[in-house]
Amino acid sequence: MTMNYNITGYCSIRNQVAMVDDRLEHYEENFYTFADLIKSLYKKEEISYPKFFKMDGLSKLGFLTAEMLLKQKEKGKYQGTRVGMILSNSASSLDTDMAFHETIRDRRQYFPSPSVFVYTLPNIVIGEICIRNKFKGENTFLISEKFDSGLLYTNIREALDHGRMDVCIGGWVDLLRERYESLLFIVEKETNISPDTEQKKIEFCPEEIEKLYLKI
Amino acid sequence: MEELISKLKQEVIQQLNLEDIKPEDIDSDSPLFGEGLGLDSIDALELIVLLEKNYGLKIEDPKDGKKIFHSIRTMAEYITEHKKS
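If you read the protein sequences in the order shown, they are chains A and B.
Quick note: the first sequence, position 160, residue 160 per this note's numbering, numbers continuous.
Quick note: the second sequence, position 82, residue 82 per this note's numbering, numbers continuous.
Derived from the structure by calculation, the hints contain no laboratory data.
Values in this document were obtained by computation on a predicted structure and should not be read as measured data.
Wrong hints could be hidden among the right ones.
Said to hold, decoys possible - Below, in silico cross-link-like pairs of lysine-lysine (DSS-like), each with a Cα-Cα straight-line distance of 27 angstroms or less:
1. 51/A - 83/B
2. 54/A - 53/B
3. 54/A - 66/B
4. 51/A - 7/B
5. 53/B - 63/B
6. 201/A - 215/A
7. 134/A - 22/B
8. 54/A - 67/B
9. 54/A - 22/B
10. 22/B - 39/A
11. 66/B - 51/A
12. 44/A - 67/B
13. 7/B - 54/A
14. 67/B - 51/A
15. 43/A - 22/B
16. 39/A - 7/B
17. 189/A - 71/A
Okay, chain A solo, but in the shape it has when bound (with noise of 0.2 angstroms):
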């Protein structure tokens, strides 16, 4: 029997707008830059973590997708071993190598970073939302050259359809210098969604997944 599956909420964050269930949440007018965009968003979503700052960008563009994405959900509801997170980009953690490529360049100044170093590999962003949120299901990372909506949804199904996870939160966190976009969503199984999310789901297929990413 085949399972189905629904999309029931989605986050994304690029230019300057971060969007919440085809909700606008938060859009700057003025030119920011990402680490202004994100600055901005921790004070207005009103996060008290100190930990958010010692995080390299990538990390902090995921955290607060998923901050948003998962705030207005019933608390408690998306925890434990049942929940797992499969993410993909294109450049890896290509921001934070240079970064610390910077700390190593001058052999004459030669000060590797420890806190930057730790930062080099992109599925560190999914530690720091799994710690956040008590997520302790399995994850993966994926590296693909541009966004794949097939790609997440055959690694998502796969995990689901075996078992491996009940709840699975998916998307694309990319950094690049200035270059930022980021599209979480919750897959989950049709039995497992509350009757007020009834109404906002959203099939689970490459096709929804890549109108989620033309959207943003």
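The hints should help you fit chain B onto chain A, whose structure is shown.
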């Protein structure tokens, strides 16, 4: 000593990205780890880098770290003592 302590507080805030903390929020004698600023093991490594980069001091024996990085004051004392020699 007080001048060095004040400078160190600013350097620690910058090095460890303690965004919401001002120098006056840091008690010179409070423990840096566990309580107080709640620093972690990666922060400890960053403090070692800070001593080397800004003061040219290398910690030869890792066991000394616990004592040196107990507080801002113990860091300042270590710098004062070892910069002289």
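Quiz prompt | Unsatisfied constraints (hint numbers, rising) | solution = Violated hints (numbers, rising): 1, 7, 12; every other hint is consistent with the structure.
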